[in-house]
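Peer 1: Each chain is listed here by its residues.
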Amino acid sequence: MNNLKLIIKREFIARVRNRTFVVMTFLSPLIVVGMVLLITWLATLNNDEIRKVALFDETGLFSSDFKDSEEVDYIDYSSVTLNDAKDSVVIKKLDGLLYIPKKLTNKELAKSIQFFAEEAPNVTILNTIEKVIGDKLTNQNFKEKDLDLDAIEDSKAKVNIQIENFSGEKTSKMSNYVKMIFGGAAGYFLMMFIIIYGNMVMRSVIEEKSNRIIEIIISSVKPLQLMMGKILGTSFAGILQFLIWLILGGVLLTVASSVFGIDPQPGGLNSSILQENNQQEIQLILQDIMKLPLGTLVLSFFIYFIGGYFLYSAIYAAIGAAVDSETDSQQFMLPIILPLMLGIYVGFFSVIENPHGTVSTIFSMIPLTSPIVMLMRIPFGVPWWQVLISILLLVASILFITWLAAKIYKVGILMYGKKPSYKELFKWIKY
Amino acid sequence: MVNLLEVQQATKRFGTFTALDNVSIQVPKGSIFGLLGPNGAGKTTLIRIINQITLPDEGNVLLDNESLKPHHIRDIGYLPEERGLYKSMKVGEQALYLAQLKGLSKTEAKERLKYWFDKFDIGHWWDKKIQELSKGMAQKVQFIVTVLHKPKLLIFDEPFSGFDPINANLIKDEILQLQQEGATVIFSTHRMESVEELCDHIALINKSKKILEGKVTDIKRTYKSNTFEVGILTENSKDLYTHLQETFTVVPANFKTIDDQLKMKITLDKNTSSNDLLQYLSDKGQIMRFNEVIPGINEIFIKTITENE
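Going line by line, the protein sequences match chains H and A. Take 1 as the starting number for the first sequence in full-length UniProt numbering and just add one per residue. Take 1 as the starting number for the second sequence in full-length UniProt numbering and just add one per residue.
Chain H on its own, in the form it takes in the complex (with noise of 0.2 Å):
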């Protein structure tokens, strides 16, 4: 026990004094930021310009109708001939030239519309060009067939179903998303922290190899022991630098966006949910939050993060005692990546999709992939026992998958020069 506590603490100090850890602790939160300011920034710079889009109505119905917006000013050349509205278009370097021709029936007319411009337009516009010219023409059929357009308009049905749980509880529509982000975010994390710091385990036990000090570490302390030193040694040294991260990315996204006065919400679905919804639905999106079952969620974050991550550990212990230097342990690296990318693969596809379907299911009780994919599943609500079954086949087979590493370990650190085969390995675990 004394020993185990001696190699987990030179482990631990081994791996924080290394030069490129340090630099990794420190720089990575400063890159990360930098990133999120640089895409805010160049967002923010990018939405800023305004486009001008010269516009040539040979019918006169439209002028009306584009109103210069935040994003585009519209510029009538509808009083001079088209070819001197194109030559302005590029004298001035306006960003294109809306074209209406003169036709006899609308349908004729909606599809003959043009577009002149250097450089394809950007959609946005299109879409709101689209939209104006079409609504526009809709109307128009409308009143062509003698329509009422507010009887339409009155006529036309707006749905917005409510969910609401069993117990009477409401949820937002944005609910399974909550979950989706949750479950992905802890699931990625978990594959993240596997490579890097198993990589870690590994390139340790290389390098015990590889510095012949081996045999004398364990001419006194067991093999077994070595290498859960290490596992443990290390995996200290991850958590660590994990934990600098968040408080160091925190404090530094605090201050960036105090100073720069951005808003450190990531982009995309969030921002975009949280415009199209209102008030109340965020409301109910905090609720949601709020009543996941976090302390479930908490648990069996650290049950499969540390069942994962010991785990899969102890197959770069064995595959780091196998081989003499890292370039020879790609040969095995198969069998650490597949289960990891079909674990996400299942996690992000299959889950998403359907969380309680056959393929979720299965995959969340295979060793190799449960701990990501269980993560990804337990936001959605996981029935107990599929949880206990899943816990108890992944200790299972840490325990086993620990012994078999073991017994490789064993012999692969005494053995110098030729790069072994899984054959070898195999016959390994006999002696």
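FYI, nobody ran anything at the bench for these hints, they're computed from the structure. This structure is a prediction, so every number in the text was calculated from the model and none was measured. We treat Cβ as the ideally placed atom computed from N, Cα and C, and that holds for glycine. Accuracy of the hints is not assured; some may be wrong.
Not everything, but these chain H residues come out facing chain A in the computed CB check (under 8 Å) [as the list claims (entries may be wrong)]: (1) Asn106; (2) Asn211; (3) Ile213; (4) Glu215; (5) Ser220; (6) Val221; (7) Thr254.
Incomplete in silico selection of chain H near chain A, CB under 8 Å [what the hints assert, rightly or not]: (8) Asn3; (9) Arg212; (10) Ser219.
With a cut-off of at most 30 Å between alpha-carbon atoms, the simulated BS3-like pairs for lysine-lysine come out as follows [claimed, not checked]: (11) H/Lys222 x A/Lys215; (12) A/Lys129 x H/Lys5; (13) A/Lys209 x H/Lys423; (14) H/Lys93 x H/Lys103; (15) H/Lys5 x A/Lys114.
Chain H is fixed; fit chain A onto it per the hints.
Peer 2: The following block gives chain A in isolation, referenced to the frame of chain H:
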């Protein structure tokens, strides 16, 4: 004599390959025991079994008349042939770490390290990283770490490789010193001259079997062939040589002299003593050289192994 270590009929197989086949050795307390054998004979496997790095499939190992247990690790100091240190760790920290793994407390380890570092005059290395030291320098640190916890049994696998002659001598003296202080030493090497110089007991392993074991003097006694190297100053050397051939087994010998002697090796049968030979030779000329040919360990090594092939 009391044995510190007894290996009893140890067998170890790796798959279909038998690395060690029913090997027993007895290492007397306070001895320097040479473990000899060609490459791949099974020496390292035997040493690893003694160090509890590998478990034997069959057989038993007794240390101080007790079956090997995990706590015995602290009674053994092992310098493996494949040795090294953490390259990016500082010398002092590393030595402390390894000493603590052997069960020393931090303060105790520090004290003893200071003693040894002063003795080897390497105190200023404490804060250097191993990668800044030469191979020989690192070997000194390894030697210190091996003996620091004052083990009863010291196992050195090729201890002199990587040392220059001066430092090799220094290490040799330290090993002898440790023996005087009561330690028992197992010594595995290919360098026969150091075996000749240091070991009082040897065991010879070939192709995973032990083929010879015992006190060096006893072994030499059994391997000597009652042969004497003789140099005589005589007028008529040709006649004497033919004459001698009638009574004894004689072959010409070659050794350096300043005058022109008759040089030969004479092997006696069991019933003839060296005195009989001397008497016979005394009136044949002036005897300049007369000494018994004692086989070197090197010779015994080669002879036993070729005989066993």
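Peer 1: For each hint, tell me whether it holds in the structure or not.
Peer 2: To see whether the hints hold, each was checked on the structure:
1. Asn106: Cβ of H/Asn106 sits 79 Å from chain A, so the hint is violated.
2. Asn211: H/Asn211 check passes; min Cβ-Cβ to chain A is 5 Å, inside 8 Å.
3. Ile213: holds (5 Å)
4. Glu215: holds (4 Å)
5. Ser220: holds (4 Å)
6. Val221: Holds, about 6 Å.
7. Thr254: With Cβ-Cβ at 37 Å, over 8 Å, it is violated.
8. Asn3: Holds, because the Cβ-Cβ distance from H/Asn3 to chain A comes to roughly 6 Å (cut-off 8 Å).
9. Arg212: Because about 3 Å separates H/Arg212 from the closest Cβ in chain A, which is inside the 8 Å limit, the hint holds.
10. Ser219: Holds, about 4 Å.
11. H/Lys222 x A/Lys215: violated (34 Å)
12. A/Lys129 x H/Lys5: The hint holds at about 23 Å.
13. A/Lys209 x H/Lys423: holds (29 Å)
14. H/Lys93 x H/Lys103: holds (29 Å)
15. H/Lys5 x A/Lys114: holds (24 Å)
In summary, the structure is inconsistent with hints 1, 7 and 11 from the numbered list given earlier, while agreeing with the others.
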